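Enquirer: Dock the two chains into a complex; use the hints.
Residue numbers (the working numbering), protein chains in the order written: chain X, 1 to 357; chain G, 1001 to 1306.
Quick caveat, the hints were computed from the structure, so don't treat them as lab data. Quick caveat, the model's predicted, so the values are computed rather than measured. Backbone N, C-alpha and C fix where the C-beta goes; we use that ideal spot for every residue, glycine too. Any given hint might turn out to be false.
[To be verified] Computed cross-link-like contacts, BS3-like style, restricted to lysine-lysine with a CA-CA straight-line distance of at most 27 Å:
{"hint": "1", "chain 1": "X", "residue 1": "107", "chain 2": "X", "residue 2": "130"}
{"hint": "2", "chain 1": "G", "residue 1": "1144", "chain 2": "X", "residue 2": "151"}
{"hint": "3", "chain 1": "G", "residue 1": "1144", "chain 2": "X", "residue 2": "107"}
{"hint": "4", "chain 1": "X", "residue 1": "151", "chain 2": "X", "residue 2": "107"}
{"hint": "5", "chain 1": "X", "residue 1": "10", "chain 2": "X", "residue 2": "203"}
{"hint": "6", "chain 1": "X", "residue 1": "130", "chain 2": "G", "residue 2": "1207"}
{"hint": "7", "chain 1": "G", "residue 1": "1144", "chain 2": "G", "residue 2": "1129"}
{"hint": "8", "chain 1": "X", "residue 1": "203", "chain 2": "X", "residue 2": "151"}
{"hint": "9", "chain 1": "X", "residue 1": "130", "chain 2": "X", "residue 2": "151"}
[As the list claims (entries may be wrong)] Cβ-Cβ distance ranges computed for the label pairs, FRET-style:
{"hint": "10", "chain 1": "X", "residue 1": "297", "chain 2": "G", "residue 2": "1302", "range": "53 to 59 Å"}
{"hint": "11", "chain 1": "X", "residue 1": "111", "chain 2": "G", "residue 2": "1302", "range": "24 to 30 Å"}
{"hint": "12", "chain 1": "G", "residue 1": "1209", "chain 2": "X", "residue 2": "182", "range": "31 to 37 Å"}
{"hint": "13", "chain 1": "G", "residue 1": "1209", "chain 2": "X", "residue 2": "195", "range": "42 to 48 Å"}
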Amino acid sequence: MAQLSLRGIKKRFRNTEVLHGIDLEIGDREFVVFVGPSGCGKSTLLRLIAGLDPMTDGEFLLNGRRMNEVPPSRRGIAMVFQSYALYPHMDVYENMAFGARLMGLDKAEVERRIAETTRMLRLEELLQRKPRELSGGQRQRVAIGRALVRKPEVFLLDEPLSNLDAALRSEVRLEIARLHHDIGGTMIYVTHDQVEAMTLADKIVVMNAGRIEQVGSPRELYETPANTFVATFIGSPRMTLLDVTRDGERLVMADGGSIAVGALPAGSAFRLGLRSDAVRLARGQGDGFAGQVVYTEYLGDNAYVYVRLADGTLLAARTAPNDSFAPDEPVTVRVDPGSVHFFSAEDGRRLTQQAAE
Amino acid sequence: MPHLRMTGRGLWITALIVPPLAFVAVFIVYPILSAFAYAFFDWQGLRRGEFVGFDNFFTVLFVEPYRSWTINAFSHNIMVFFALMVLQNGLGFILAYALWRELPGARFHRVAVFLPVVLSTIIVAYLFKLFLHPLFGVVNVSLKGIGLGWLAQPWLGQSDTALWSLIAAQSWHMVGFPTLVFLAGMQRIPGEILDAVRMETQSEWVKISRIVWPLVAPSATIVFTLLFVGAFNWFELPYIMAGLDGSPFGSTDVLGLYFYRTAFGNVSSGQQDFGLGSALAVLIFVFIALIAGIITVRLRAREIQL
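So that you can see chain G by itself, here it is in the shape it has in the complex (with noise of 0.2 Å):
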């Protein structure tokens, strides 16, 4: 009978393999395989109920009053992806070209651009808090003081500031990740390529459109797809910043914050419901998997070996 003999190779990469497997079935495997058996069941508070089929999914889709919520939610979460796509991902492209280019100064950018995104969310999103503070938050302050008092606004209290105070938060927060992986991306183009551009044309335009852009595509896949996952899974700074209802009226509500005011309640109602709350994560965890593994395909295709 044939038998396995371990050999001193085979019981170190035994050693490495086998604890991060182990941590990543029981915090990451087991808890999705759960929520998903969880979505199928109906729940009193803690206590499982019969098996429902696919009741929870519907409710959360298609029955009132969840299917304006999920609705409202998830349309947030495509405002906030565009928005940080446009704000997070395009500036930061912007920011590399121009450390990139050696522009006076760009030492100290470098760190100065991502530094932000070392400090922790909550520290982040409380100092954002304090500074659009209506009364005595450093932007009104800022803006009176210059004489544009005009323009100041209760940022966070109002629905049609709220979202977009998250957002420009959250670009300031992050901006320096994908401007470091595009950065990273540039330094590898061969400056002889840059210079036989250099021969041809002046035009910064071309250069980035033709010859820089296309050649940092690996850049653009990964923080593309970060990016997505990121924007609907998306929680943190709104839970600190607007609260777990999403307020004002919802305004600032996003699926994360939905998924856990559903499963888990919240200080202005104690209902907790498990079902409806493991469909959600269940529907959210899909479209994610779905959509960035589609955006990493089509994305992959059009990288090119340097």
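Isolated chain X (complex conformation) (with noise of 0.2 Å):
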């Protein structure tokens, strides 16, 4: 069992704030992932989970226990951290065992416990191992089993990824996923990445300067992303933003045509956002937005086409791999009228469509 709540969260260095008064629910067996660009306040925020910093204002509970003059070791918690901090003059057996035993576990439970961890991360054969003699991805692994050999009830891992090539990055992406599977305890894992936070989450916490944007599924997240912030963020290519106006029925665009797209929010002035399966292109001149293509991304199964669009942004759309587009020809965007986001001019908050007067 392991329920965490933060509450009001602050955090200040010196005189600069760095997080904002955060407040989450996490619940037990949860994998969440703190995301959000470099500076954000995400591995702040594990640092002051684990207790390696004090928070400046607020409150951290575990299982209803307030956590915040607890020392770091007395939490139950374990965190994985990004250099992996593996300790150097121990071999793998000692660096697992280290931890154990100063846990107080007697001889017989630090063995059958490392026994059983090596068995699961299959690090049988580098016990005898020194850090320095293992490649990234077997310290990594190493890492993780001196986690698990604590049996905490939360573990932290801090950009755990970022220090594998991208070969090992999906492998150990998939090995993680399925370690939270059979352990069944509460993860907290902060990447950057936003595939890595996709692709893992039961539950992502989009965060940026200091406060947290918006918290949900996956899927969530995609579809109904609460402001431009987090609709640009996650998702790739990134989504694109378009100010439009409104005339009756149609979305206009300065200088550069307009489209219908059913129901439209209150208002006059909003910001479009168009994801690039979002998007159909037509060659030449036609009913919709007028622009150019600038460049062609072919991967294989399907290309991305980008159109510099009349008022200048930059457009993503998605189509069929052997759809070729010529730098510079003109091309018109339709939009699929399901799949459209409207966010406010003013502040980017996400605006709901209603039905058509």
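Expert: Below you can see the structure in the form of structure tokens.
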């Protein structure tokens, strides 16, 4: 059982406030990913949960118990560090046994847990090796093993994949997902990579500039982003944002044509959000937004065409791989009415569509 | 016939290497080798007599009164070594840890701890001689001032406190050096390793003994070896504070003073014997080189690449 409650958490370094009041509930066995651009405070928040840094204000409860004054080693939390932070002078076995012994477990129990963990992470061959004799992926597994041996209620993982090469990354990502399934602890995972967040999380916490922008399942964040920040951060290529004004039932882009998308929210000016799969391209001039092809990214199973719209916005459109568009070719952009997003032109918040009058 | 042509690079290397090499050869290698040679001859003043084999070595090691003098000085050096190991290196490690953990005032203390190291030994030695003056020295005056007058001693004037007073002065003078070396070693430890330990224990003792201490092993090798060499070559401070005789009554005599007295004589005896002096110097040199070599090899083995 591990229920985490963060209440009004603030963190100040000297005169700079980096977390401006974080409220968050994390349930038992949840896989939660903190995601955001660098400097958004996600790692700082993780360190506060771990107890490595004191919080300036607010309260952190674990299973209803206030943790603010509890030292890191007594919180029942284990952490996997970005650099793995293995003890360089101890072999793999000692790295795992060190923390377990400090918990006061007897010798047999320590050995039993290490045997179990080693089997789960396929570390049997490596037990006598020193960290410097291991590859990046192996160190990563040892770091996870060291956390597992302590059987914590909560696992914290700070950008655990960032030091691995691309091929290994997706492999370890799968392994972490499998691990969470097998051991069922609560995991909090920090990353700046939205793909990792989307593929691993039960719940994603999108952070920006010391605040939480949105909390939700990957599907919720993708389909109903709360604001333009989340909309552009989640999904690849980035969602295109267009400033449009309303003219009756049509949306007009400044000197660049207009489209009809059915139901519109209240108001007269919006920011329209278009994902690459909500857009259709047609050659030449026509009914829709006018634009000019900039370049094409061919990816095999599909292609992305980047189009400079008349108002200067760069738009990404997904097309069939054999639709080839030449640079500078004039195109018309049409939109799938069911998959557009509306945001407030003033503060970027999501607007809900209303039935047309 | 092949011949060596001087390239520009070769010229530079030669120009940079030859002067220091010449310096080392003339002022270090030559004196050591000649001391080796001198030790095997009988000397009348500065005039070399006949070859006597190992007689000089035998005399300083086994013939009275040289034998007791050698043992006396050597045992003092051993005492000094162990005392400084605790007071200078031990304290240095603790100070370094405190500075590293950024306790309040760390910035000021970092400078304060290292400042005495840059002072000349002459200044420190005279200063401590004044501090420890039995009548108006600041130590005794302070003790009397706070009502502990019964603790006041003629610190440098009695056998059982003299050597310890010198050790205390030496520790004060040099404690900043091991502190600095240990601090540099600690600063090389990645922050996440320390965080990882904090996730597993809150005991400072476990952190120090199981993580920090093993990881500063390279620093320990340096300060241990240098302290060993320094302790057995100790000369300036006892010379200034206690004089060439290691007063009172040889209670502060160390190998350095003893060698100097034997080879060059002193105020109380004009007798000088280059042969015995050289034999002593050679023995000290061989002893230090041997043990320092062993220490270095043994300590290096437990160093870990971070």
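Enquirer: Evaluate each hint against the coordinates.
Expert: So, going through the hints one by one against the coordinates:
1. X/107 with X/130: 22 Å, holds
2. G/1144 with X/151: 61 Å, violated
3. G/1144 with X/107: Status violated; Cα separation ~57 Å.
4. X/151 with X/107: Roughly 16 Å separates the two Cα atoms, so the pair holds.
5. X/10 with X/203: Between residue 10 of chain X and residue 203 of chain X the Cα gap is close to 22 Å, so the pair holds against 27 Å.
6. X/130 with G/1207: The hint holds at about 19 Å.
7. G/1144 with G/1129: 18 Å, holds
8. X/203 with X/151: 22 Å, holds
9. X/130 with X/151: Since the Cα atoms of residue 130 of chain X and residue 151 of chain X sit roughly 23 Å apart, the hinted pair holds (cutoff 27 Å).
10. X/297 with G/1302: 53 to 59 Å: Given about 55 Å between the Cβ atoms, the range holds.
11. X/111 with G/1302: 24 to 30 Å: 26 Å, holds
12. G/1209 with X/182: 31 to 37 Å: Holds - the Cβ-Cβ distance for residue 1209 of chain G and residue 182 of chain X, about 35 Å, lies within 31 to 37 Å.
13. G/1209 with X/195: 42 to 48 Å: 43 Å, holds
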